[in-house]
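Participant: Sequence:
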Amino acid sequence: MDSFDITQYSYKAIIFDCDGTLVNSAPVHYSAFQAALQQQGAFLELDWYMKRLGLSRAELLKEFAEETLIKLNIPQAVAESEAQFLIRTSELNAIPEIVEIAKSNYRNVAMGVASSGQRLSVHMSLRSLAIDHLFDLILTADDVSSCKPDPEIYIRAAKKLKIDISACLVFEDTDEGLASAESAGAQFVDVRTFASIYSKD
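In this text, residue positions in the sequence shown follow the working numbering: the first is 21, and each later residue adds one.
Simulated from the structure, these hints should not be mistaken for lab results.
Some clues are possibly wrong.
When the alpha-carbon atoms are kept at most 25 angstroms apart in a straight line, the in silico PhoX-like pairs for lysine-lysine are as follows [what the hints assert, rightly or not]: (1) K179 x K32; (2) K91 x K32; (3) K180 x K32; (4) K32 x K182; (5) K123 x K180.
Pair by pair, the computed Cβ-Cβ distance ranges are [claimed, not checked]: (6) K179 x L89: 24 to 30 angstroms; (7) S216 x I90: 33 to 39 angstroms; (8) R147 x S186: 17 to 23 angstroms; (9) S186 x K91: 42 to 48 angstroms; (10) K179 x F63: 52 to 58 angstroms; (11) R127 x Q28: 18 to 24 angstroms.
Ideal Cβ positions, reconstructed from N, Cα and C, are used throughout, including at glycine.
Please work from the sequences and hints to get the whole structure.
Facilitator: Below, the structure is given as structure tokens:
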């Protein structure tokens, strides 16, 4: 697949989502959710999970409980699924096209990560791939009152980077994330249009 031409945009900062954008983490997160839910006698269908990748951990589990009518201890499932993910970070892989964009822009422009994941999971994911040092800022679900598609996380990231949001270029992989970036007033790119892990070829 052809490489993505970032020069078509005028930007002073780049902000990346983490899961599904920089890190191919969906299989590992699914395994972690499955392990956590099995402890409460529940089973998570892969197709159901894949359709909700843009949701935060708590939001996904709340929706799962509501749809299945299972009396789920959501705080326990959130904590256990994160713990299960953290012991699996060695299984994570980078999404090479996006990581290359980050590496090629390192020290040239301000760069940050804005993720709906929990702080420890996001930091450990980036660290496991040895790319955490690339970013001036890492914001997570623990740093905002409302997760994507709310624009709060991108507005806050731009302010902390001291760059006008209109001069920020966002890379995202979900409808919720793209809606968040658009509502914030940022330029945005849907990585599903060019990243190799999304190719159906």
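Participant: For every hint, state whether the structure bears it out.
Facilitator: The hints, checked one at a time:
For the hint pairing K179 with K32, the CA-to-CA distance comes to about 13 angstroms; that is within 25 angstroms, so the pair holds. Between K91 and K32 the alpha-carbon distance is near 47 angstroms, which puts this suggested pair outside the 25 angstroms criterion. Pair hint K180 plus K32 holds up; C-alpha atoms about 13 angstroms apart against a cutoff of 25 angstroms. With a CA separation close to 10 angstroms, the supplied pair K32 and K182 stays within the 25 angstroms bound.
At most 25 angstroms may separate the alpha-carbon atoms for a hinted pair to count; K123 and K180 meet this at roughly 21 angstroms. At about 42 angstroms, the CB distance of K179 to L89 disagrees with the hint of 24 to 30 angstroms. A beta carbon spacing of about 36 angstroms between S216 and I90 agrees with the range 33 to 39 angstroms that was offered as a hint. The hinted window of 17 to 23 angstroms between R147 and S186 is violated, with their beta carbons roughly 31 angstroms apart.
Under the hint 42 to 48 angstroms, the C-beta atoms of S186 and K91, about 46 angstroms apart, fit the expected range. Taking 52 to 58 angstroms as the suggested C-beta distance range, the pair K179 and F63 does not conform, at roughly 42 angstroms. Between R127 and Q28 the CB atoms are about 22 angstroms apart, so this pair conforms to the stated range of 18 to 24 angstroms.
The earlier numbered hints that this structure contradicts are 2, 6, 8, 10.
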